[in-house]
Structure formats: structure tokens, C-alpha cells
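Engineer: Residue numbers (numbering that gives the first Met the number 0), protein chains in the order written: chain H, 0 to 140; chain D, 0 to 140; chain Y, 0 to 140; chain P, 0 to 140.
Derived from the structure by calculation, the hints contain no laboratory data.
Mixed in with the good hints there might be a few duds.
Claimed, not checked - Covered by chain Y, per the in silico footprint, the following chain P stretches (three or more residues, Cβ under 8 Å):
| # | region |
| --- | --- |
| 1 | 91-101 |
| 2 | 111-117 |
As the list claims (entries may be wrong) - One-sided excerpt, in silico: chain H residues whose CB lies under 10 Å from chain D:
| # | residue |
| --- | --- |
| 3 | Met0 |
| 4 | Thr1 |
| 5 | Ala39 |
| 6 | Ala46 |
| 7 | Ala52 |
| 8 | His55 |
| 9 | Asp118 |
| 10 | Asp121 |
Where is the CB? At the ideal position from N, CA and C, for every residue including glycine.
Here are the chains, one letter per residue:
There are 4 protein chains.
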Amino acid sequence: MTLTLDQARSIIEHTRAKGREMALKPLSVVVLDAGGHVLAFEREDGAAPGRFAIAHGKAYGAVMLGMAGTAQMARAEQQAYFMAAVNGVYGGQVIPVPGGVLLRSEAGAVIGAVGVTGDTSDNDAEAAMAGIRATGLSGEA
Amino acid sequence: MTLTLDQARSIIEHTRAKGREMALKPLSVVVLDAGGHVLAFEREDGAAPGRFAIAHGKAYGAVMLGMAGTAQMARAEQQAYFMAAVNGVYGGQVIPVPGGVLLRSEAGAVIGAVGVTGDTSDNDAEAAMAGIRATGLSGEA
Amino acid sequence: MTLTLDQARSIIEHTRAKGREMALKPLSVVVLDAGGHVLAFEREDGAAPGRFAIAHGKAYGAVMLGMAGTAQMARAEQQAYFMAAVNGVYGGQVIPVPGGVLLRSEAGAVIGAVGVTGDTSDNDAEAAMAGIRATGLSGEA
Amino acid sequence: MTLTLDQARSIIEHTRAKGREMALKPLSVVVLDAGGHVLAFEREDGAAPGRFAIAHGKAYGAVMLGMAGTAQMARAEQQAYFMAAVNGVYGGQVIPVPGGVLLRSEAGAVIGAVGVTGDTSDNDAEAAMAGIRATGLSGEA
């Protein structure tokens, strides 16, 4: 199963809608495909200019490691040097905190990831999960 | 004048519509703000996975140099080592060909740039210009 | 609202004047625009040669994250691996300590940042705030 | 002889004044010390955001090679791969065109360099030379 642009746009639309419903700060939302490559991105007005890189870093680490942001954070807290080394091999592109959410097919395969940044990491992840569910897909935060 | 996300989304929507009207190959379209930072991006189904970086490189060079893709290409053809050196100082992020289009305010200030990739450079630029005009903004290809 | 070079020069002049009034070590002061790009910089005689990068790093992180140096330092102390990862995605250009001060418009939007280095981080920030106030702008340290 | 910040500021002031006298496009002017490190910089309103890196690249190559921009351009035109290789060892930071001007002491030692960008390379260099002469120093374009 290959993630489509229409699905990516739906995830972004519904993640942003959840953010507004929760009254979060302006969100930035990226969707990556199964190869870790950008499909779609939107940065809400008022977000800081560097938010693409943070959203991307959350989603990129999730896809490349097959490990969602919550699990990455746990690993970083147990073994900080391991996640630092991971960032070495991935060119410093990984942000190991919640808000990086894996997208899974019905069969369980990773088909991409969503990265959300702007509010607390936990709120970012909650908005992403809402956007994924509203699109009829399964997420792992 | 600050470019908004709604304007960026409109540019992408109408650039893609023009691409379909012209029967172009799948397009990837990025919109950057006046500081060269990503506001929005979409990659159409069937486009190669690395298209974000190409679209970004066209738009990024335009904003950072204040010079659209057509002018960058002319300079690269006259003085290849200069554009190579420019890419050095900008971390290799510049793609100096048409398809990188400056967005200007009514007063003439650069307020961002659009980068389109997927078909020929000239067709990419034509689609971008259509998307910009449909959004009520001025472009310089 | 766009920060002008005259405002940037005024911030530097008054930050330096405050430094002399407080009898601080030689200061280096940078002013970045809302996109994180350098508008003006001065390094006082006697400062170490590498001070541009430190001043820049304080201001750059502030703009890109929309978070001033004091808040960045708090986050770095709570979650060191997060700020290390942020530095990865920003190319190692962030110095997360006081002395990186956000510039805000009357409406509250970030219009740039000031980075000061040379004395203690707290003194650097105090001098920056004085320079910003003397220029009639609002700062957040 | 060590270049002072007051001298650097004078060079920038008079280079900008010459630019206005010649009715050039908005200029960006950097002054580096004998070690290739930034002393002072100003970017005029209306200049593209990425101009710091271009100005810096012109001056940096001049100091690091002890060769002004005109001589670097001649070498690049004769032997493009050599200047490309130079950029490899200097981390891609060299822009080998006029507008990078060496500053020399009375005894002939290199004490720094000026980098100017914004108009044609030749006009950039002419403005820099005027700023250097007005400061009572010797330049080599």
C-alpha cells in the first residue's frame, strides 16, 4: 500500500482541525512516504520560520528507524549517546520526541510518518493521531 | 506584506491545476516565505521521491539571491564557477534553472518564491506563473 | 513590520554603549531579520576572533524556534538530547543560552533577533535588552 | 597592524556612501580581519536575505588565499577545477569574483579583506575601494 498525496493532504487538514479544536499554538505538519521522503507540508501562520526542520526531524526518525517518537524519546532518555549516534549516521536529521507518528497499513507495514510541531510534544502527537484516524489510517505515536 | 499559508495553498492548488490542464508529468510544488523557509509543499502521485529537494532548490536560490530561475540559469551559463561557488555558501541548496519563481508584493518587494519541478523547466515555470496569477500575486520567472 | 538596517545599527550602538556603561568585556552583537538572516554585526576590539558564530548562534536559534535564549536554556537543561537534535536539523548553528533575544512588533510578531556574546550570558542579555529598548522596540530575553 | 572595529565601520560607511553616489542597488558589506573572521557587516534595506554569505565568500577567499577577487576570477576562468578544489578545502566558503578586496598595511601585509555584493561585481569592487581609501587604508581589488 502506497500513501497518496490525497491521504497526506487529508492527514494535514484534520491534524490542523484538531489543533484548532484543542486551541493549540500554530502547527506545522509534514507527511513522509515509506522511504522518508516529503509528500506534503503546511506551516500555519504565526509559527516560527524553522518549523519545517523540526516537523521533518520527528517524522524522519520515525520512518528511518521504524520507531515512533514516544519510543525514540524513551530510548534517548535511557541511552542518550545511542540516539546521538543515530543522528550521526542520519546526518543530524532526527528529532527523537513525540509528534513523530508512524503510519501503518492494515497489514502492519510502515507506509510513512507524520511529523507535527508547534505545541507541547504530547499535544503535537495527539493532533497527529486525530488527523490519521480521520483519514482512515492507523498511527503509532 | 507577509505571505500567508492560505495564499501558499492557493498557489499550489492552481499550479497543479495548470499542470493537469497542460497534461504535464506529476509536479512537485513548494512555496517559501521571504526568508527562504518552507510554508507549504505537495508532491503529486507518481513523482520521483527526491522531488522536494529539487523544488526547494529552485525556490531557495531565487529568494536568497533575489534572482529568479531564468536569470540564475543565464548567469550559470555565462559564469558556471560563480553559481557553483554560490551553491557552496548556501550549502549546495540552489538549483539555478527555470521553475524557481519570485513572488513580489505590489510595491515590488520579494515576499517569497515558488519552486516547481516534474516536467521541463519551462513548463514548470509556466505552471508556477499560472498558480501565482490565480492567487492574485505577481511572479517573476 | 520589517526590521530596517537603521534599527539594527541603533540596537548595536546602544547595546555596545550599555556594555561600556556596565564595564563588560568586549562585546560582539548581531541583528538578524525575521527569516534568521544577518542584517548587521559588530565585534569590539579585543574580542576573540570566533565571536561572530557565537552571537549568530544565540540569535539564530531564537528566530528559528521562536524561543528566546532563556527558554532555550531551560529546555536544554530539562532535555539535553532535544536541543542537541534541534542543532542537528539546524546545521549545528544554535547556541541555546541567554544573550539570544527575540525582537517583537507591537502586535507581538517576531521581527528578528539580537545575539550578544562576550561577557556572562546574563550580562550579554541585559545589554541586548537595553539596546532594544533604546531603539523603541520590544525584546524577549 | 591590526584592523580595528572603528576602521571596519568607516570602510562600511564610506563603501555604502559610494554606492549611493553611484546609484547602485542595495549593497551588503562585510569586513574580515587578518584571520578571515568577521569584524563588521551591514546589509542595506532591499537587499536579498542571502547577501551575507555572498559578501563573506568574496572577502573570505581573498584573505585565505591572499589573492583579491579579480585575481581569483582570472584563475577560475583559466582553471575552474582549481578554484572548485580550493572551495573544497575551505568548506565551500569562497566566491571568486571581484568585490573581494584585500586590505594591506603600509608595509604590504594583508590585514583583512572587504566583501561587497549587490550590484555588478565591478561596481561592488569600485565601491569597496572607495570605502577603503576614505578610511586611509590600501586596497587591492
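Engineer: For every hint, state whether the structure bears it out.
Structural biologist: We went through each hint and held it up to the structure:
1. 91-101: It is violated: at least three residues are needed, and the region 91-101 of chain P offers just 0 whose Cβ sits closer than 8 Å to chain Y.
2. 111-117: violated (count 0)
3. Met0: The hint is violated - methionine 0 of chain H has no Cβ within 10 Å of chain D, the shortest such distance being about 13 Å.
4. Thr1: 8 Å, holds
5. Ala39: 5 Å, holds
6. Ala46: 9 Å, holds
7. Ala52: 9 Å, holds
8. His55: 9 Å, holds
9. Asp118: Since the shortest Cβ distance to chain D is 17 Å, the answer is violated.
10. Asp121: Since chain D brings no Cβ nearer than about 24 Å to aspartate 121 of chain H, farther than 10 Å, the hint is violated.
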